[in-house]
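Letter by letter, the chains look like this.
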Amino acid sequence: MTFYALFVPFVAAIFAPALTRLFKHNAAWILALAPAGLFLHFLGFVEGVAAGERFTGGVRWLPSFNVNFSWFVDGLSLTFALLISGIGTLIVLYSGGYLKGHRHQGRFFSFILMFMGAMQGLVLSDSFLMLFVFWELTSITSFLLIGFNHAEERSRRSAIQALVVTGLGGLSLLAGLLMIWNITGLSELSLLLASGDLLRDSPFYLAAFVLVLGGCFTKSAQFPLHFWLPNAMEAPTPVSAYLHSATMVKAGVYLLMRLNPAMGDTVPWETVLPVFGGATLIAGTLLAVRQTDLKLMLAYTTMASLGLLVMLTGFGTEKAIEGAILYLVAHSMFKGCLFMVAGNVDHGTGTRDITRLGGLMTAMPLTFGAAILAALSMGGLPPFFGFLAKEEMYYGLASLDPWSLTFLAVAMVGNGLMFAVGFAVAIKPFFGPKVETPEHPHEGPVLLWAGPVVLAVAGLFSALFSSEFHRLISNPMAGAVAGHDADITISVVPHLGTALYLSLATVALGIAFYLGFDRLRSGMAGLLTAIGWGPDRGFDQVIDGIVRLSTVVTRWVQNGRMEYYVTATFILLVLAIFIPMGLADEWPELPEFPTLFFYEWAVILIAALGLLAVVWAKDRLTAIVSLGIQGFAVAVLFMLMGAPDLSFTQFMVETLSVVILALAMTRLRLSPQDPRSWAQFFLDGAIALASGAGFTLLLLAVLATEFNAELTEFFNTYSVQIAHGRNIVNVILVDFRGIDTFGEIAVVMVSGLAILALIRVLPKRRAANAAAPTKEVAEPIQEAG
Amino acid sequence: MRTLIFRSVAPYLSSLMILFSIFVLLRGHNEPGGGFIGGLIAASAMAIYGIAFGVSPVRRAIRFHPMALSGFGLFLASVAGILSVFPGVPFLTGLWIYPEVFGVELALSTPLVFDIGVYFVVFGSITSTALALEERERD
Chain A
1 MTFYALFVPF VAAIFAPALT RLFKHNAAWI LALAPAGLFL HFLGFVEGVA
51 AGERFTGGVR WLPSFNVNFS WFVDGLSLTF ALLISGIGTL IVLYSGGYLK
101 GHRHQGRFFS FILMFMGAMQ GLVLSDSFLM LFVFWELTSI TSFLLIGFNH
151 AEERSRRSAI QALVVTGLGG LSLLAGLLMI WNITGLSELS LLLASGDLLR
201 DSPFYLAAFV LVLGGCFTKS AQFPLHFWLP NAMEAPTPVS AYLHSATMVK
251 AGVYLLMRLN PAMGDTVPWE TVLPVFGGAT LIAGTLLAVR QTDLKLMLAY
301 TTMASLGLLV MLTGFGTEKA IEGAILYLVA HSMFKGCLFM VAGNVDHGTG
351 TRDITRLGGL MTAMPLTFGA AILAALSMGG LPPFFGFLAK EEMYYGLASL
401 DPWSLTFLAV AMVGNGLMFA VGFAVAIKPF FGPKVETPEH PHEGPVLLWA
451 GPVVLAVAGL FSALFSSEFH RLISNPMAGA VAGHDADITI SVVPHLGTAL
501 YLSLATVALG IAFYLGFDRL RSGMAGLLTA IGWGPDRGFD QVIDGIVRLS
551 TVVTRWVQNG RMEYYVTATF ILLVLAIFIP MGLADEWPEL PEFPTLFFYE
601 WAVILIAALG LLAVVWAKDR LTAIVSLGIQ GFAVAVLFML MGAPDLSFTQ
651 FMVETLSVVI LALAMTRLRL SPQDPRSWAQ FFLDGAIALA SGAGFTLLLL
701 AVLATEFNAE LTEFFNTYSV QIAHGRNIVN VILVDFRGID TFGEIAVVMV
751 SGLAILALIR VLPKRRAANA AAPTKEVAEP IQEAG
Chain B
1 MRTLIFRSVA PYLSSLMILF SIFVLLRGHN EPGGGFIGGL IAASAMAIYG
51 IAFGVSPVRR AIRFHPMALS GFGLFLASVA GILSVFPGVP FLTGLWIYPE
101 VFGVELALST PLVFDIGVYF VVFGSITSTA LALEERERD
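Protein chains in written order, with UniProt numbering: chain A, 1 to 785; chain B, 1 to 139.
All the given hints hold, so there is nothing to weed out.
Listed next, with one range per pair, are the computed distances between beta-carbon atoms:
hint : chain 1 : residue 1 : chain 2 : residue 2 : range
1    : B       : Arg-27    : A       : Ala-608   : 28 to 38 Å
2    : A       : Met-1     : B       : Arg-27    : 51 to 61 Å
3    : A       : Leu-22    : B       : Ser-84    : 36 to 46 Å
4    : B       : Val-85    : A       : Pro-445   : 42 to 52 Å
5    : A       : Val-11    : B       : Pro-87    : 27 to 37 Å
6    : B       : Pro-11    : A       : Trp-678   : 42 to 52 Å
Where chain B lies over chain A, by a calculated footprint (3+ residues, C-beta under 8 Å):
hint : region
7    : 646-659
8    : 663-669
9    : 729-739
10   : 744-752
Worth flagging that the hints you see were computed from the coordinates, not collected in a lab.
Backbone N, C-alpha and C define an ideal beta-carbon position, used for all residues, glycine too.
For reference, chain A alone in the conformation it holds in the complex:
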């Protein structure tokens, strides 16, 4: 059942364009059935997982390499699966309203469902390779979605940037996973989690750790690799709500949490994660304050939240991990909701600039309600789920040593700033005097407000029924991350204690930030202008540098001069033959000279004369024909030595090469005589002689080794028996080694196409040159011989 569930979104993606053509935007209702069904399917696991069960299954894929296609459901993956399918349902509905009437709505549905399938596969994967494949699929679908408005250059740049950054991270992750595989010999996460200290005790732990972090930090937009995430906001709002806040960017956090039992609890883990997470939190909130675009403000707070999650995951105390998982669930709900709110405001008024919005409360009451509920949760106020998360994380961080105090301060400032930004998004556009907007403000259809309202209310109800929610969701999830059973007791009823005081202080801080919001923004703007350079510009510089470097290298290696290529090739050939022979001191001995009949001598003489004629020839055509004479002589030799097939082919090849070479040479309009200077002539001659001598020596060396007749005997014995053919050469070509021949004829065909393309391209250029006469045209034109 779960096996098929993995494919459901992809199947839905196939049918999405056709359904959208039939039912227009109402196809959303049908397509949402796919994630809704998955949500119900995964709900069925909740009771079992809460009771401590784990579900695994799969098919053996490549048993010889111990590679399976296997999945694994425990508290962590189940919560993610529920978030992905649950929010996915709302997002599909929301996209139905948001992109209503868009020309490519069907394509959009298809992309977003594909992404859903990839993300779901990622969190359910058990085997490393499956995890990696789905991880890369999320990067690719994210690329497609960010670049959805591909007619705009900014979209294209953002899409490529996201793909480059997350793709590089994916490679790093692949290396990390392979390393873990090598260290432990395990290829499945479920086995790895049960392997105890195996990974931690390895001398290669640090390398594996850094490589895995490379994947997680790029995917989850940790400072200083965060810059792709705000740029990804070029995507339509449903994408921002779904991929770039609720699900995909959490993949890195997911993997860190997943590996915590196997890799956590070490010094690097508990240093690197909190430091980078904390830096990301502070950088994200400060950058969020700077923005005036609703979506960008939310994007930077998302980055900050991801930093907070990484920091808590790596902090090391049990309560911090519990805080992290509560915050993860809370964040998916309120941030998904706020993004959709921003989309609704954009849709209803035509602008997302916070300074140009106000007084929308009466025009958009439902959106406003959802926004306020979500902001309360984001601010961490009771009775919302965000409150539980914040209380729990303060329990986890509160300790009196300087290390903990630092991160406590970081968390408080970060939370305070997020509080301010959250309320700025939820309050500023709705209160105050009405402001003139590009469109007359109006509430959207049910498809648009259903999503945010459901998510906002879910944030309230999950907190009100927290004990049940903890039993079914939070405890199994925290247990999976911590590696042993967890018991979360936090509820909406505030308990007097350190955490509550810290919460109050955070709220006070948040209100202070909110009141001074405009001053804070201009201050940040001034600071950022003063710094000037950012990783986003750095990315451009790196890409520019790569392009420039490859231009230089290409110009140097491929300068377009045929004689340069040929000279380089033959010099390398000479070196490749002589250097190994010299180093190994394996010069072949001259074999005994065979006794030849007089006619064989005659043929050899003809070949030699042909060669001399090539060198002595006055014009090119004579040289080409002389080369053909030499080839024919060799073909005759083949015939005399008992290789009729080879000789037959050699005859035809020689004939055709003379014809084609003659045609090509006459067409090149070269001067008929050899234009080389004597020095050049002797240099080229030396290279040619060295190549010939090298090849002769090589062949002699090969002949000197003992002949292994195994293959000859095999083909002699089985050619008729198995392949029903007496011509061994042909049987080898079309039967025994058929797949080689298949590859070769594919090459022949492709080169045929390439030659045709080259010949077809040139006349146009020449025509263009003729229009504007240059020196080339003035050169003497050689008529066809």
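Position chain B relative to chain A; hints supplied.
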């Protein structure tokens, strides 16, 4: 190159060569020959015809674009390989049938189909190159 003798002989010569190329192709499994050499002979025939009469008559004579023939050859070779799906044996395994036509037992096999594919690929690609080069000679 367009002497009277050459132009009178060329049609007979090239048709004989085409016939011979098919003969070489078919006997390849047991005697010297095969698809590759057959394709080369046929391509030479086209080159001779082209030198004698120009490119357009050759193009008219073979009706299809030579690269299309080449592509068809590759397709034929793939089909010969994929046929092994039906008996459930590995890709490109040789399969044989012996139907009786007019009282003569014929040995038909997927290697033969494969070889015909090779013939077309070689014939198409080389003819295409030669014709394209000859064509530019007269522009």
